[in-house]
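S.K.: Residue numbers (the working numbering), protein chains in the order written: chain A, 10 to 137; chain B, 590 to 770.
It is possible that part of the hints are untrue.
[What the hints assert, rightly or not] Just a sample of chain B residues kept apart from chain A, beta carbon distances all over 10 Å, derived:
1. Ile604
2. Ser607
3. Asn632
4. Phe644
5. Glu697
6. Glu742
7. Gly761
8. Ile770
[Claimed, not checked] For each label pair, taking beta carbons as the anchor points, the in silico distance ranges come out as:
9. A/Glu19 to B/Lys719: 42 to 52 Å
10. B/Thr681 to A/Lys92: 48 to 58 Å
11. B/Arg722 to A/Ile130: 17 to 27 Å
[To be verified] With a straight-line Cα cutoff of 35 Å, these simulated DSBU-like cross-link-like pairs (lysine-lysine) come out:
12. A/Lys101 to B/Lys699
13. A/Lys134 to B/Lys685
14. B/Lys715 to B/Lys699
15. A/Lys17 to B/Lys756
16. B/Lys756 to A/Lys49
17. A/Lys49 to B/Lys685
18. B/Lys719 to B/Lys756
19. B/Lys666 to A/Lys17
20. A/Lys56 to B/Lys618
Bear in mind the hints are in silico, worked out from the structure with no lab data behind them.
What you are looking at is a predicted structure, and each value in this text was computed from that prediction instead of being measured.
From the three backbone atoms N, C-alpha and C, an ideal C-beta is built for every residue, glycine too.
What follows is each chain in one-letter form.
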Amino acid sequence: MNNINLEKTEHTPAIDLDATAGTINITGDSYPEDSFEFYKEIIVWLKEYFQNPKDTTIININLPYMNSSSLKVYFDIFDIFEKSALKGNSTKVNWIYLEDNDIAQETGEDFQLDFENLDIILVSKEME
Amino acid sequence: MNITKLANHYEDDKILFSYNGVISQIFVKGIKNLINGTLTTHNNNIEAAILRKLFEISVEQLQNIMSYGKNNIQKDKTTYESEGLCILGYCTQNDKYFITTLNHIEKEDKEKLEQKLTKVNDMDSKQQRKYLRELLRSGVDSHSRGAGVGFLEIARRSSEKLKYSFKETTDGLFFELTIYI
Numbered sequence: 010m011n012n013i014n015l016e017k018t019e020h021t022p023a024i025d026l027d028a029t030a031g032t033i034n035i036t037g038d039s040y041p042e043d044s045f046e047f048y049k050e051i052i053v054w055l056k057e058y059f060q061n062p063k064d065t066t067i068i069n070i071n072l073p074y075m076n077s078s079s080l081k082v083y084f085d086i087f088d089i090f091e092k093s094a095l096k097g098n099s100t101k102v103n104w105i106y107l108e109d110n111d112i113a114q115e116t117g118e119d120f121q122l123d124f125e126n127l128d129i130i131l132v133s134k135e136m137e
Numbered sequence: 590m591n592i593t594k595l596a597n598h599y600e601d602d603k604i605l606f607s608y609n610g611v612i613s614q615i616f617v618k619g620i621k622n623l624i625n626g627t628l629t630t631h632n633n634n635i636e637a638a639i640l641r642k643l644f645e646i647s648v649e650q651l652q653n654i655m656s657y658g659k660n661n662i663q664k665d666k667t668t669y670e671s672e673g674l675c676i677l678g679y680c681t682q683n684d685k686y687f688i689t690t691l692n693h694i695e696k697e698d699k700e701k702l703e704q705k706l707t708k709v710n711d712m713d714s715k716q717q718r719k720y721l722r723e724l725l726r727s728g729v730d731s732h733s734r735g736a737g738v739g740f741l742e743i744a745r746r747s748s749e750k751l752k753y754s755f756k757e758t759t760d761g762l763f764f765e766l767t768i769y770i
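Pulled out of the complex, with its shape left as it was, chain A reads as follows (with noise of 0.2 Å):
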């Protein structure tokens, strides 16, 4: 299958999905204006990818910011990652977020608490 690539916006984060590698990388703000048209094509590659994924998978997630449309849209990613954990697939979540991010912070512990079959670390990081 194809890789994807985008480059980051003003609203919408870098996005790697590397199939061959096995990783996921998100790193950048999301706030478009329609956030379920805008990953669309993501959820569609991830579906497909998660048929038959590498033995391990690694996911780094860096989202300073997410409008409410774009965390229901991961909330859904989410679901993707651990339902492919729940098949018994190594899959592992890096969420990362700056020190004084209190919000991304929380975010990610309410996503260990929601998908608790899923590894995911949370990853504080020092700011520059």
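Go by the hints and put chain B onto chain A.
M.R.: Positioned in the frame of chain A, the structure of chain B alone reads:
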């Protein structure tokens, strides 16, 4: 009508910027620089966390206006714009920054808005966080717009209760929302 006159200003509020016009995603994309530039001019030592929260709250408020404002215009399948007012200010009385938005709404939306806002304001931050998770969990695969998630996301960044009012005019009903940081 000139909706600027409808906004509740107080003598000791300092208006840092005010925008009255078409609110679209193009305006939203520029709001971070507008807020950062305006506020660092006002106070060079302002905390980065305050700037970030003001930006995040303004995005949510403006996108609400685009999606739900009366007479919003659909530009294409996923693009809407709507008229509204957006004010960034500093309140000397409580030493806080605020974002006010004001827009024309449908009469029948008043009750729904009031219910959601009252519910959010009646909860403490712990209850709000729990309720947010409930709404997200119940919404998997439904993709419904605006189940109150937006107001919860605003409330968790706000330092005070959400302050709102409805204004009846001969031109219709207007909704004003002010968030303090």
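S.K.: Would you mind marking each hint as holding or not holding in the structure?
M.R.: Each hint tested on the structure:
1. Ile604: B/Ile604 is indeed farther than 10 Å from all Cβ atoms of chain A, at 25 Å.
2. Ser607: The claim holds: B/Ser607 sits with its nearest Cβ about 22 Å from chain A, beyond 10 Å.
3. Asn632: holds (18 Å)
4. Phe644: The assertion about B/Phe644 is violated, with a minimum of 7 Å to chain A.
5. Glu697: Correct as stated: the minimum Cβ-Cβ distance to chain A is 22 Å, above 10 Å.
6. Glu742: Contrary to the label, B/Glu742 does not stay out of reach of chain A, its closest Cβ about 5 Å off (not over 10 Å).
7. Gly761: At roughly 25 Å from the nearest Cβ of chain A, B/Gly761 sits farther out than 10 Å, so the non-interface label holds.
8. Ile770: holds (12 Å)
9. A/Glu19 to B/Lys719: 42 to 52 Å: violated (33 Å)
10. B/Thr681 to A/Lys92: 48 to 58 Å: holds (53 Å)
11. B/Arg722 to A/Ile130: 17 to 27 Å: holds (20 Å)
12. A/Lys101 to B/Lys699: Violated. A/Lys101 to B/Lys699 sits at ~44 Å, over the 35 Å cutoff.
13. A/Lys134 to B/Lys685: Judged against 35 Å, a Cα distance of about 28 Å means the pair holds.
14. B/Lys715 to B/Lys699: Holds. B/Lys715 to B/Lys699 sits at ~27 Å (cutoff 35 Å).
15. A/Lys17 to B/Lys756: Given that 35 Å is the threshold and the Cα spacing comes to 40 Å, the pair is violated.
16. B/Lys756 to A/Lys49: violated (39 Å)
17. A/Lys49 to B/Lys685: violated (39 Å)
18. B/Lys719 to B/Lys756: holds (32 Å)
19. B/Lys666 to A/Lys17: holds (23 Å)
20. A/Lys56 to B/Lys618: Holds, because 30 Å separates the two Cα atoms, which is no more than 35 Å.
Taken one by one, the earlier hints fail for this structure at numbers 4, 6, 9, 12, 15, 16, 17, listed in ascending order.
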